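Asker: What follows is the residue order along each chain.
Number of protein chains: 2
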Amino acid sequence: MGLLIDIGVAKTNKYASRESGDTVEVVERPTGGFSLVLSDGQGSGRAAKTLSQLVCARAVAMLKDGVRDGAVARGVQDALFASRHGQVSATLDIVSVDLRTQELVVSRFSELPLLLSHEGEHELVGWGGDPAGRYGLARPLIIRRLLDPGLRAVVVSDGIASAGRRCARPALDLLAWAATVPSATPAQEAADSLLAGAIGRDGDKPSDDMTVAVVRIDRHDGETGLVRRLSLRVPVP
Amino acid sequence: MGLLIDIGVAKTNKYASRESGDTVEVVERPTGGFSLVLSDGQGSGRAAKTLSQLVCARAVAMLKDGVRDGAVARGVQDALFASRHGQVSATLDIVSVDLRTQELVVSRFSELPLLLSHEGEHELVGWGGDPAGRYGLARPLIIRRLLDPGLRAVVVSDGIASAGRRCARPALDLLAWAATVPSATPAQEAADSLLAGAIGRDGDKPSDDMTVAVVRIDRHDGETGLVRRLSLRVPVP
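These protein sequences, in sequence, are chains A and B. All residue numbers for the first sequence refer to the working numbering, where the first residue is 594 and numbers rise by one. All residue numbers for the second sequence refer to the working numbering, where the first residue is 594 and numbers rise by one.
Simulated from the structure, these hints should not be mistaken for laboratory data. Quick caveat, the model's predicted, so the values are computed rather than measured. Among the hints, erroneous ones may be present.
Repeated chains share a single entry, so a pair holds when one copy, or any two copies, can fit it.
Claimed, not checked - Below, computed lysine to any residue pairings styled on SDA-like, alpha-carbon distance capped at 20 Å:
| hint | residue 1 | residue 2 |
| --- | --- | --- |
| 1 | Lys798 | Pro779 |
| 2 | Lys798 | Asp814 |
| 3 | Lys798 | Leu717 |
| 4 | Lys798 | His715 |
| 5 | Lys798 | Ser755 |
| 6 | Lys798 | Leu765 |
Let's have the full structure, built from the sequences with the hints guiding it.
Answerer: Below, the structure is given as structure tokens:
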């Protein structure tokens with residue numbers, strides 16, 4: 594029985610907006626494993642999208658070269674600061690399943706919490722940081738856990754965290770949500786569930802771009818042949 | 594009613610081999626749309642994997658910078674030729690859904706055919722080329738089609754094309770397979786079906802790394818909110 598890496602992403606645009614300022618990429622690590630990169634660019638519309646694309650492009654290029662995650666996060670932050678003089682910023686989350694070190698590693702520039710679950714325990718970690726690009730020599734927050742079946746990390750963009758605010762509803766309680774979604778739930782299903790909850794909280798008209806990314810570790814039975822699957826479905830506005 | 598971009602990939606390793614020499618990446622294009630990159634490195638095992646990873650890394654970095662596909666394919670080929678002097682080669686397929694030009698563009702260095710389907714017509718195109726890295730100034734084969742619901746492109750790696758050879762069975766008939774899989778079939782389901790057929794042909798012990806990538810265009814009804822989904826499931830050997 595080996596490990597199963599299960600990644601699911603669900604995202605939607607701000608209501609009546611054609612472009613989402615959030616960008617997500619998932620790439621294979623040259624030394625084994627996968628990395629998910631999420632960036633939410635400051636502002637909205639085309640400028641925010643271009644910014645989050647640039648941030649993800651640089652992170653992906655470095656990750657594919659085999660650069661260690663902490664250096665990738667620092668490099669992206671410093672390059673953004675150098676080119677835009679601290680006047681624009683973007684969140685950055687790099688969630689890596691590193692098969693070489695057998696660790697889940699999250700490196701992030703974000704003020705929002707990361708939701709970590711393991712064996713029925715749920716915790717909010719790594720929050721309160723600054724976004725990338727605002728200060729010189731800023732440092733990412735880095736969280737590490739040994740890979741273990743049942744481990745799950747959930748990263749959300751600002752639109753999820755602030756869902757309901759426009760309707761004067763309380764913020765989504767990520768810990769309460771996590772307690773209702775068992776660790777065996779497929780990542781895509783978990784992501785869909787949280788996104789649907791946030792959209793509903795905004796009265797079905799998202800007041801910001803919304804992204805949920807779930808990375809979970811499970812076991813596989815190894816009996817059905819080891820088939821890797823990647824699926825992407827994007828409805829174009 | 595807008596377009597739905599639907600991409601599905603299924604891959605497996607050579608029997609009893611821990612590493613697949615095939616690498617697949619899917620990235621978002623900075624000017625709108627998505628690109629799938631598939632590379633099958635010469636040989637097998639770790640050297641082939643490292644090679645296909647390098648090829649994909651370079652292609653992904655250029656695509657994320659917004660470089661046009663033909664230039665990306667030429668750049669990857671030339672860089673590989675320059676660094677390895679024509680002594681190693683790798684196939685390269687870049688399948689792009691380009692929302693800026695509203696085209697499906699395939700740029701490839703491969704001797705295997707690409708399977709294109711549209712409105713019940715199936716054709717094998719773009720075959721007979723050399724892999725990347727073998728000759729100086731080699732040119733990619735480029736295929737373009739206007740984006741249209743019902744359009745489907747299927748790219749396979751060598752292990753699919755040669756399935757059954759070891760058991761002295763005839764090669765998979767991609768055109769016959771395509772005729773049995775309607776254009777409305779989800780990309781992941783279509784990829785799974787072709788991979789299963791190839792594995793079966795090899796007596797359930799794949800004699801080479803096998804990858805199937807399906808990129809199809811459909812319509813969406815636009816009623817259920819425009820949620821984008823990305824799912825990756827990887828059982829680790």
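Asker: Could you run down the list of hints and mark each one as holding or not?
Answerer: Structure-based check of all given hints:
1. Lys798 <-> Pro779: neither (26 Å within a copy, 28 Å between copies)
2. Lys798 <-> Asp814: between (41 Å within a copy, 17 Å between copies)
3. Lys798 <-> Leu717: neither (27 Å within a copy, 44 Å between copies)
4. Lys798 <-> His715: So Lys798 and His715 fail the 20 Å test inside a copy (29 Å) and across (41 Å) alike.
5. Lys798 <-> Ser755: within (13 Å within a copy, 50 Å between copies)
6. Lys798 <-> Leu765: Result: close within a single copy only, 16 Å intra versus 48 Å inter.
The structure fails hints 1, 3, 4 (numbered hints given earlier, in ascending order).
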